[in-house]
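Quick mapping for you: the protein sequence lines, in order, are chains H and V.
Following my numbering, the numbering of the first sequence begins with -6 at its first residue and continues without gaps.
Following my numbering, the numbering of the second sequence begins with -6 at its first residue and continues without gaps.
Bear in mind the hints are in silico, worked out from the structure with no lab data behind them.
Hints may contain errors.
Pairs count within a copy or across copies, as identical chains cannot be separated in the list.
In silico DSSO-like pairs for lysine-lysine, Cα to Cα no more than 30 Å straight-line [said to hold, decoys possible]:
id, residue 1, residue 2
1, Lys235, Lys405
2, Lys499, Lys457
3, Lys458, Lys240
4, Lys240, Lys503
5, Lys644, Lys576
6, Lys240, Lys457
7, Lys223, Lys467
8, Lys302, Lys313
9, Lys222, Lys467
10, Lys577, Lys726
11, Lys64, Lys235
12, Lys222, Lys405
13, Lys457, Lys222
14, Lys313, Lys647
15, Lys467, Lys235
16, Lys647, Lys235
17, Lys235, Lys264
18, Lys302, Lys467
19, Lys223, Lys726
20, Lys240, Lys405
Small disclaimer: the values here were computed from a predicted structure and weren't measured.
Protein chains: 2
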Amino acid sequence: MIRFLLSAVLVIPGISAAQQPVDFVRPMIGTARMGHTYPGATVPFGMVQLSPDTDTIPYEMNGQYNPDVYKFCAGYQYSDATITGFSHTHFSGTGHSDLGDFLIMPTTGPLQLNPGTAAHPESGYRSRFSHDRESAEAGYYKVMLDDYQVQAELTATNRVGLHRYTFPASDQSHIILDLTAGIYNYANKNVWTFVRVENDTLITGYRQTSGWARTRTLYFAMTFSKPFKKYGHRNDENNVYKGFYRKFDQTADFPEMAGRRITAWFDFDTKAGGQVQVKMALSPVSTEGALRNLQAEAPGWDFDAVRRKAREAWNGELSKVQVTALSDDDLINFYTALYHAYLGPTTYMDVDGAYRGLDQVNHRAEGYTNYTTFSLWDTYRALHPLFNILQPARNADMIRSMLAHYDQSVHKMLPVWSHHANENWCMIGYHSVSVIADAIMKGNIRGYDAMQALEACAQTARYKKYDGLEYYMKMGYVPEDKNSSSVSKTLEYAYDDWCIAQVAQKLGRKDLYDEFIARSRNYRNVFDPSTGFMRPRLSSGAFRPAFDVLSTHGQGYIEGNAWNYSLYVPQYPDDLIALGGGKKRFTAHLDSLFTMHLPDAFFAETEDITRDGIIGNYVHGNEPAHHAAYLYNWSGAPWKTQERVRMILEKMYKPAPDGLGGNDDCGQMSAWYLFSALGFYPVCPGSTEYALGSPAIKSAVIRLENGRTLTIEAPGQSRANVYVKTVTLNGRKLDRPAISHGEIMQGGKLVFQMTNRPSH
Amino acid sequence: MIRFLLSAVLVIPGISAAQQPVDFVRPMIGTARMGHTYPGATVPFGMVQLSPDTDTIPYEMNGQYNPDVYKFCAGYQYSDATITGFSHTHFSGTGHSDLGDFLIMPTTGPLQLNPGTAAHPESGYRSRFSHDRESAEAGYYKVMLDDYQVQAELTATNRVGLHRYTFPASDQSHIILDLTAGIYNYANKNVWTFVRVENDTLITGYRQTSGWARTRTLYFAMTFSKPFKKYGHRNDENNVYKGFYRKFDQTADFPEMAGRRITAWFDFDTKAGGQVQVKMALSPVSTEGALRNLQAEAPGWDFDAVRRKAREAWNGELSKVQVTALSDDDLINFYTALYHAYLGPTTYMDVDGAYRGLDQVNHRAEGYTNYTTFSLWDTYRALHPLFNILQPARNADMIRSMLAHYDQSVHKMLPVWSHHANENWCMIGYHSVSVIADAIMKGNIRGYDAMQALEACAQTARYKKYDGLEYYMKMGYVPEDKNSSSVSKTLEYAYDDWCIAQVAQKLGRKDLYDEFIARSRNYRNVFDPSTGFMRPRLSSGAFRPAFDVLSTHGQGYIEGNAWNYSLYVPQYPDDLIALGGGKKRFTAHLDSLFTMHLPDAFFAETEDITRDGIIGNYVHGNEPAHHAAYLYNWSGAPWKTQERVRMILEKMYKPAPDGLGGNDDCGQMSAWYLFSALGFYPVCPGSTEYALGSPAIKSAVIRLENGRTLTIEAPGQSRANVYVKTVTLNGRKLDRPAISHGEIMQGGKLVFQMTNRPSH
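Let's have the full structure, built from the sequences with the hints guiding it.
See below:
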């Protein structure tokens, strides 16, 4: 565990000494190894994620996928010793990637336009740095670029990234804007880039890429706090048609740059300690929109005021949950998880509501905030349910954004995994329907029509060409010989279909209820009684003979093996237990999951999983079994849920750069932490019930958007007292290990009496 | 001369037998050899130019420029035996190219997605055709595609191209949309293309290219008159990142296509004689805009009505000049020239005024039509002056479009050669200022502010980085050792500067007048008294020793040799004559120009010029000496002007596919014809005077936009009577060989008394 430095940022000069929730945020958590979080500056749900990138290695090497690229999903890898620059868009916690737009790097000395290599940083514009001279807090990041003795500071508004560079004395100070840089870059990824030097302080342009998002364009407007003395660019592209542009020397002082491999530079004279600030505004629709965003959000040059405002924005959001805990580390874990949960979905519209739609047409969001970055396979599980409690207005806007996506979809599908006006089709299922069902069932219907949303869900679930869905609809399961990961798909479709049925029932659409409730039982079609596991089935109807319950490769699953995935029937846990041979046998099965010892070979062949992210054979680093620990509640052993949950909280979340047991997955891992630490978890989003677990906090006061307050208390809380003796809600004892959404939103006091003895 | 077929289209069934001006239009004129006109369907100044392409050869072969591509500047070459398809955008008469967007080809039989080769048309989707089964008229084109027995008919509105395909009986009828096709295509030209199959009759998308226009995107919306039964596409691109799109079989029935090498196909069952119509609407801003244009201009499926409307639009414009002539061939030449003159500049905005600006931002033209396709080095000479008489309102809108370009220009320059939101910088000079000055001096100021226009002109003329302009401003000439084609540039800058000075004087801006009238005399700095020619000068101040007055290569000129270009002082013809040794010597010099015999070597080394386009050493196929024949008026020999003009009209314009002596150059060649045939010519645009020549028509009645009528009569007209005895305006004899713009716009009667005897 990497511990150094984390407490150093606790004392923030010039800001109140009294500790606020924001003081416990450590953006560095998850930046080492596989957390894939980024340490840079952003505001809650902000469009800009301005953060250092430590390398720009290509997605492919010699035409082959380069597995090392995975380390850089968020641009930054804690163990690296060099920084290539600061780019403005990053995903938080993904296991595939894109973005890294508009990389800016300040340098001094001879101009270098290549990033150089980590082994030989002097071969390019990158700089060495040390964590000793680096710090990160919510909305602010600072680092000393050792090779240039330039101190870089970053902060952000929603749509504008602000850089403050403090230079040494130099008549060769440069600011590089490298449009060839990007995350998960490869040869053809840059489709086009365009830069206009509007005047000696204002630059506009765009970057158009084809990657995870196939057809993506992001626009910018960038200003310097002082005029550059000279500028230019290199277009590092062979075979470019120059035409009559040959008239000009385009390399220097030529104000229009266009091409696929543009690296621009701007030169300044700087005195010792002289500062050059840069503001970079983004827009999904135009440079004009970016300029408007710049004017609206960051018209001046008071970097510290913007930093303060970002911090206040964070503190305002975080303070809605006031927690006391057993230690500062617990507070750090909690508030950093809340911080990570609020990094996305991200705002995707200009200040005037303009955004680019999935149809590549510019639209305007009327009366709501349009969001993007929907990693729904991950986030439907706990993040959106969390929003239904803590951010219901935003969650409703996210649903409006999903419905807009649907309206613009030529496939007539709700988003699967969408970002920046694109559907990247990543992972499986159609879990938008879960997010929508969860909101509708919990009464969070605002700004959208529930019946229309239901129609969109049904239509989505019927798009035959999608991922084996035609077979699923015809045969009741996805046959593995027709479509891989067939078990995972069958199980998740069945769950999603149950969600649709719930909404149909609520809205009185018996036709749809009948259609989808029948589909919701399809998990039974892949259950193999002979092994007790869900198992890939062939189009012949037979189970596939070859079957390895530990492997995740070619076994009918994705991001999980049969042990983990076979538990995925959140809609019918009782039936799952019945299939598993009854409560006792099922409890023993779950015990095995959490305690068995896996061979080293398992890890060698499994991407994305290390021993850090696993307890026994329970994989917490991926999502499919996130609800598993709570299933003991149904098998008659809630005390085991309590025990396991506390163990997972302890083992998988640590206040350190390498403190996350797997990708944070756009907040899903953090949302699991938050729910579980508060004492309950949405095992089946789309139902209105939460399973009770074992809170890890001492107390929490949640200010709900409806004006009510929910207080959670855990008297007797300690590291040893992980068991819950009784739970009372407003003095009334809860007679089963569950609480409803209605009860939570009513507010009041939820008391978990903690003990060191399990209640058998 | 290729004569066949041209009269075949004279009789148009179903349309009035009485001959209208539109009946004399032969779109085939100029389609052979170097005319570079296109035969397809368009309306006056229309955004759509829907026309057959006879080949799609690449701009480069093995990394080298492929000179054969030049033949296909307009997509169609009359001598070809195959058609590759029908694309929607074409330049008329250019000597470099781009466009050819959205090529559509109907085929039958096995699906082929490559065009194949001219030598082996069966190797691809192209078809053989014959001029016997082809016809073209204003707004309509028809051809039988012999290989498929599909009859193709084309017509157009301003923004919509309409196709009517009559198929044989086939269950393998295809319509191919090849987004990889284009004019002047090369490996990297397609930046991105995108297609959405919205439903079984509606397709939208765009094509983004980098070519002559460096950063160009054109959007479309396309509908079929009947649903296709199946569709699909091929993406013929290596190394494309597929990501999670791998889930889908994208080749067939997958409704979103994106990439750089997309060829889409749509399948139909057809009965014998069954028709499939296609409408393709264009937009410079979005697919949404294209759909709006489609709805506004071509909502139904009445092809014949659209064809009729296009024909009426043409006839309406052409009929404003009612001409009688010595023969039908003369009428064909005249009205085809007028047709060619009205092919551009082209409309560049949606029906709601939305267009993409040079700054790549979407703008809206408020209260005017925004135009593009400004080939200004050509068209400032006679085309825009022609518009100041025949199309003053449109010309004012063109100026507003140029001023919008200026406002959006990061260089702060008026257009040099602009098309589709791009400046391609083709050719030399800054001749927007001539167009603007000509309009302002002639009082055609509407919808724009003359003073602002003057400022734009002055600012343009001071952009130091442009083409030797910094040297020109400092030294009074462009030094050949610093910037090639230095004499041409110096001469044209000096002329343009004179234009600015005229406007400055008119608007009372003495500062600007002084600045630019001084510059207007810079032609003197490249006059070499020892040879009597303009001659390249070095930065040392010395003339360059090596000097070949016939060559056009590396001699300080572009598209003209010293003989032709040395005459280019339209602003001061008297001084030019004085430099040339006085009137007598100058007349003799002009005589030599028109009569000398050039060696064969001249043609071998000179691109763009054949003996067809030249009289003696006078090159009419290129523009620099277009005013030369009129200079006799100043040297005391107007009768020689009359004689030469009639000879040029006769030799350079013939009613045949190969009837044009050079590129029509976006209407400049045709505008020369029109002016000269009417009896006068704007030797120096920016002045308000026209030089009188020798009319070739018998009479002309011009309905002016101001409601007045100008009647031109040429009593005594005959092939032999090329000399003008007297000219009277409203009975008053004109005492010098000139007429003013004011006199023309007053209307009345201009009578040229023709004779076979020169008036010495």
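Quick rundown of the hints versus the structure:
Within a single copy, lysine 235 and lysine 405 get their C-alpha atoms only as close as 42 Å, which misses the 30 Å cut-off; across copies the closest is 21 Å, which meets it. Taking the shortest alpha-carbon separations for lysine 499 and lysine 457, only the intra-copy value of 26 Å comes in at or below 30 Å, while the best inter-copy value is 72 Å. When the C-alpha separation of lysine 458 and lysine 240 is checked against a cutoff of 30 Å, the pair qualifies only between copies, where the shortest distance is 9 Å, while the shortest distance within a copy is 52 Å. In this assembly of identical chains, the alpha carbons of lysine 240 and lysine 503 never lie at most 30 Å apart, being 71 Å within a copy and 32 Å across copies at closest.
Taking the closest pair of Cα atoms, lysine 644 and lysine 576 come within 30 Å of each other only inside a single copy of the chain (27 Å); across copies the shortest separation is 102 Å, beyond that limit. For the homomeric pair lysine 240 and lysine 457, the shortest alpha-carbon distance between copies (12 Å) is at most 30 Å, but the shortest distance inside one copy (55 Å) is not. For the identical chains of this complex, lysine 223 and lysine 467 are inter-copy neighbours only, at 22 Å across copies versus 66 Å inside a copy, given an alpha-carbon limit of 30 Å. In this homomeric assembly, lysine 302 and lysine 313 come within 30 Å of each other (Cα to Cα) only inside a single copy, at 17 Å, whereas the closest approach across copies is 67 Å.
Taking the shortest alpha-carbon separations for lysine 222 and lysine 467, only the inter-copy value of 23 Å comes in at or below 30 Å, while the best intra-copy value is 68 Å. Taking the shortest alpha-carbon separations for lysine 577 and lysine 726, only the intra-copy value of 26 Å comes in at or below 30 Å, while the best inter-copy value is 119 Å. When the C-alpha separation of lysine 64 and lysine 235 is checked against a cutoff of 30 Å, the pair qualifies only between copies, where the shortest distance is 21 Å, while the shortest distance within a copy is 38 Å. Proximity of lysine 222 to lysine 405 under the C-alpha cut-off of 30 Å is restricted to the inter-copy arrangement: shortest distance 20 Å between copies versus 52 Å within a copy.
For the identical chains of this complex, lysine 457 and lysine 222 are inter-copy neighbours only, at 17 Å across copies versus 59 Å inside a copy, given an alpha-carbon limit of 30 Å. Within a single copy, lysine 313 and lysine 647 get their C-alpha atoms as close as 23 Å, which meets the 30 Å cut-off; across copies the closest is 84 Å, which misses it. Taking identical chains as interchangeable, the C-alpha atoms of lysine 467 and lysine 235 lie at most 30 Å apart only when they sit on different chains, with a minimum of 28 Å there against 56 Å within one chain. In this assembly of identical chains, lysine 647 and lysine 235 lie within 30 Å of each other by CA distance neither inside one copy nor across copies; the values are 55 Å within and 36 Å between.
In this assembly of identical chains, the alpha carbons of lysine 235 and lysine 264 never lie at most 30 Å apart, being 39 Å within a copy and 49 Å across copies at closest. In the homo-oligomer, the alpha carbons of lysine 302 and lysine 467 never lie at most 30 Å apart, since the shortest distance is 55 Å inside one protomer and 53 Å across protomers. Taking identical chains as interchangeable, the C-alpha atoms of lysine 223 and lysine 726 are never at most 30 Å apart, the minima being 73 Å within one chain and 63 Å between chains. Taking the shortest alpha-carbon separations for lysine 240 and lysine 405, only the inter-copy value of 16 Å comes in at or below 30 Å, while the best intra-copy value is 49 Å.
Comparing the model with each earlier hint shows violations of hints 4, 16, 17, 18 and 19; every other hint is respected.
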